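Asker: Let chain A serve as the given structure and place chains B, C and D on it in line with the hints.
4 protein chains.
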Amino acid sequence: MSASRYTYLGPEGTFTEAALRTLPEAATRELVPMVSVPTALDAVRGGEAAAALVPIENSVEGGVTATLDELATGEPLMIYREVLLDIAFALLVRPGTALGDIKTVTGHPVAQPQVRNWLAANLPEAVWESAASNADGARLVQEGRYDAAFAGEFAAPTYGLQPLVTDIHDARTAQTRFVLVGRPARPAARSGADRTSLVIWLGDDHPGALLELLQEFAARGVNMMRIESRPTGEGIGRYCFSVDCEGHITDRRVGEALMGLKRICPKVRFLGSYPRAGVDASDPAVRGELRPGTSDSEFEAAADWLARCQDGRG
Amino acid sequence: MSASRYTYLGPEGTFTEAALRTLPEAATRELVPMVSVPTALDAVRGGEAAAALVPIENSVEGGVTATLDELATGEPLMIYREVLLDIAFALLVRPGTALGDIKTVTGHPVAQPQVRNWLAANLPEAVWESAASNADGARLVQEGRYDAAFAGEFAAPTYGLQPLVTDIHDARTAQTRFVLVGRPARPAARSGADRTSLVIWLGDDHPGALLELLQEFAARGVNMMRIESRPTGEGIGRYCFSVDCEGHITDRRVGEALMGLKRICPKVRFLGSYPRAGVDASDPAVRGELRPGTSDSEFEAAADWLARCQDGRG
Amino acid sequence: MSASRYTYLGPEGTFTEAALRTLPEAATRELVPMVSVPTALDAVRGGEAAAALVPIENSVEGGVTATLDELATGEPLMIYREVLLDIAFALLVRPGTALGDIKTVTGHPVAQPQVRNWLAANLPEAVWESAASNADGARLVQEGRYDAAFAGEFAAPTYGLQPLVTDIHDARTAQTRFVLVGRPARPAARSGADRTSLVIWLGDDHPGALLELLQEFAARGVNMMRIESRPTGEGIGRYCFSVDCEGHITDRRVGEALMGLKRICPKVRFLGSYPRAGVDASDPAVRGELRPGTSDSEFEAAADWLARCQDGRG
Amino acid sequence: MSASRYTYLGPEGTFTEAALRTLPEAATRELVPMVSVPTALDAVRGGEAAAALVPIENSVEGGVTATLDELATGEPLMIYREVLLDIAFALLVRPGTALGDIKTVTGHPVAQPQVRNWLAANLPEAVWESAASNADGARLVQEGRYDAAFAGEFAAPTYGLQPLVTDIHDARTAQTRFVLVGRPARPAARSGADRTSLVIWLGDDHPGALLELLQEFAARGVNMMRIESRPTGEGIGRYCFSVDCEGHITDRRVGEALMGLKRICPKVRFLGSYPRAGVDASDPAVRGELRPGTSDSEFEAAADWLARCQDGRG
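Chains as they are written, first to last, in full-length UniProt numbering: chain A, 1 to 314; chain B, 1 to 314; chain C, 1 to 314; chain D, 1 to 314.
Okay, chain A solo, but in the shape it has when bound (with noise of 0.2 Å):
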């Protein structure tokens, strides 16, 4: 029955399993693992998942380039939450191996980086070949393949092989971000610290767009947390924009925002407003960033007012 089962980026043992199982939810879900992020979210859209958690960015690799691009064509689907997952690297190797027997290691690309400056200063000689995910280079390790493998340390015993180093990433705070994906439906409840996501293609491609686009945040009041380009396939210079957005599609700000947005692009794709993670909603920290003039009660004053001018009660 599919509304009890979520897929994720497998195989098992990734990190995307890990931070699925996070979510209490999981506990009484079929997880099921795919080879990639089309079929994860394939899998949602023809209905045989409910759900499915992919990673989405990485604090060192930046964005996920599979997952926005799948999100930002084909069928719709929508964002409904999303999990950070601190992201550190256990080298897996089969019983026996020291660090000295190792000349071939794996993991995958988006590892390398992360990896990269403890590779030279540990195993300079060693040769590095990616993997299509980090279970799976644990999976050639335990056939053979290669001598060690940079997985999360949780992946050990699915593959037979033991953690010889752990806690491995050269960036300090390296954190991925995944997020749950279902099909279209009402966007999670408002929470106060939201996300709202979106695609947004610019025009016939003027050079002031993009500031266009940024201003009609700006003239509400809505932060932009994260901007990232994505080419539309139809050529070089041609790009469309993933964006997320601070506040919750129910906020007046963010509402008007979109409908500016929606007036001047030719397309914009609503990718869902959902809870941002490792953010406290209560803190008044967080509900303070709003700028003099944006809040919902501010909106809605000068909507009251407006309606008065138009009768003469100004």
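These are calculated hints, taken from the structure and not from any lab test.
Possibly wrong hints are sitting among the right ones.
The list treats identical chains as interchangeable, and a pair is accepted whether it falls inside one copy or across any two copies.
Quick list of in silico lysine to aspartate or glutamate cross-link-like pairs, EDC-like style, CA-CA up to 20 Å [as the list claims (entries may be wrong)]:
hint : residue 1 : residue 2
1    : LYS267    : GLU212
2    : LYS267    : ASP296
3    : LYS267    : GLU234
4    : LYS103    : ASP147
Remember, it's a predicted structure, so these values are computed and weren't measured experimentally.
Answerer: Okay, now just chains B, C and D, sitting in the frame of chain A:
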């Protein structure tokens, strides 16, 4: 009965009276000249008159500060009509006076810059002294205090004078704009070529406040037609702004801009939306001025889209 | 000898004369009253006077349009100093006149809004008639044409009058700003708390032109202190802008903003950079107003960096 | 001798090699394939090579993050040339292999989205596994590990393979842009149709910082051609921006924009100004893109005017 009475900036024979008589309804109203703009407007405030016609802007002398300041302060009033009048002066003299006899001339201070060049060329020795109005200057000539007065040619018979020279004006296109002011009620109906008038007070005087004000208009593609700073009386460097923008308060783009102003400015006074004089609302060039994405239908389409997104039908 | 002669807006006994006498150099100059702002300035243009002091802005009545328009047109002039003067009126009468005797009052039209409330409260029946200047009003009282004149208390002895009531003013902080105007030469030295005055004509009247003008200032962190629209004489809706910004033309940020204006506007007239009156240049609060990234040293560091990049030493 | 040596992203047979061979000077250089973008660039940093050719942007897959990040960090490098190459894949197989024999395919991860549709239509059952490069995939086919590899047709002979299908690409206009990178020196001469590359770090992460960055360009009429956010490694939500704008660092408008960025951003890295590939600098359409007021001659006229004003000759 006050509903049938209109006041205007008198005395009889001023350009204001001439402007008032261009309104069809003037034929059926009692037209009462008042000694000043404040008294003309106070008669409306007090209910003794239904409306007042007063000058607000002259193409040579600029804004009529008495009108701007009266509309900005005191009990609120609203503008329902505007009238544009070409301004040309006649030199009025007592019968028998020749150009060579003229040693002293008078007229309203506003007239002076418009006849300055003519005076320098034709009566370089004549001494100018200001009168309270052009018509008042005519009266003072009638009484013999001055030799000649600049006024509208139509004022001559009222004061038993003769127009010695007519069609005097320095700037080729001298015009005055007058407004018909009443107590606040529902604005004039939208004509498709409208003007909306406001007075806007800026906040705690931070340097970028004026720029922010203009951006509220620009963000919605609403064109500014006129902006005048007026002192608030709180000291050098403290201003409020008398602003006209194109469009009607019931235009969606104008309404959103006004709400934006209301949210960021400590005080906004709506002075009315009314048809632009001298402009044909059915002219495609007038209608075609809209920036893409700012028509009512585009606003409505964007609002529909937002509602669909909020409902999960994006 | 013209170098020793200063003209001012007369006649003797005006606030302008009082402002002029606050300048130390006034003690060693011949001070010549003129009948109007244009004649005072034309004496400078013609070389009969080294400089002229004229009012430019009043905290109650706003810009002095005769001065603004004279500086905007005709042979160029430049501002070298400004003087701020508190404005309080005295009611001047012939010796022996009591308040109850006063049926007619006079004064400059600019004085009227400043004494309006006082008149309504104290002489509600008195008829106001405008005079060419406050001092001229005093002269007309001396001649017996009016019963009382509003003027500066200092004007009383000149006209053989007595101040019946003193310190009359509606707005608590009524002030007039005067400027000392000469022929164009090197601007006044930078004081650290300066004002730069400009007249700016916008181009083909496209709707966003005023916004673009303001953005040239904003882009360089230059604060606008005053902006007044003035008609160009080419018809209703055609304006030029009289603008003051903070800073000196030799400040790098001001220079870059001025060059930006010069490039986008069909005409810019530089009217001078001069010390702000009533401001202490050594006050850290005044110096601290600069936006980060806009000091001269930051401009110079950025220029050095650019040169290094252009030379391949980035 | 290093001056005669160019490195490139190898191995032999990659699109990068094909792009490099389009440069006339390549005929007289020793061309050395390197295993990765970092090693290709480090050879330049270390002086073992005069320059390196690396891919920077693909019209389907977007920015090449290894290149963007290497140019943003470490010892500074500079871009002197760009090359645009149309990307079409061939399916390379060992002689004798038929389409029906293919169970496993490989190629660079960047190739996958470009051949995804072709695979789904023609080899729906084939399993994809990523290789370190397209050429590396060819080598693995040669070694028998996979049945087929996607790579440039030109790579076939190097690895003893045959192109079974050619001209495979999903997006009609698939192109890759490559850059020739050397140690910092004087930029390439201005061609009249140039591109300037920068990396820009924003300050204390205030919400409007990106808008301010774009406004420094917009204020000088400098068009943005490309913008990519890249994580700084300091955590989710912390980005720097890889930016290309049109124009050359010796264009006055570009220089002023760069100085503006330098003043407001904590760090700006200039990566070079160089001729745009695929654009004819003598084409009036290219030269005509300039916004009025932003040509060098207008900048110089404005600078002359400013100097005259500062000298009192305004």
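Asker: Now tell me if each hint is right for this structure.
Answerer: Against the structure, the hints:
no. : hint             : verdict
1   : LYS267 to GLU212 : within (14 Å within a copy, 25 Å between copies)
2   : LYS267 to ASP296 : between (26 Å within a copy, 19 Å between copies)
3   : LYS267 to GLU234 : within (15 Å within a copy, 33 Å between copies)
4   : LYS103 to ASP147 : within (6 Å within a copy, 26 Å between copies)
Consistency with the previously given hints is maintained throughout, with no hint failing.
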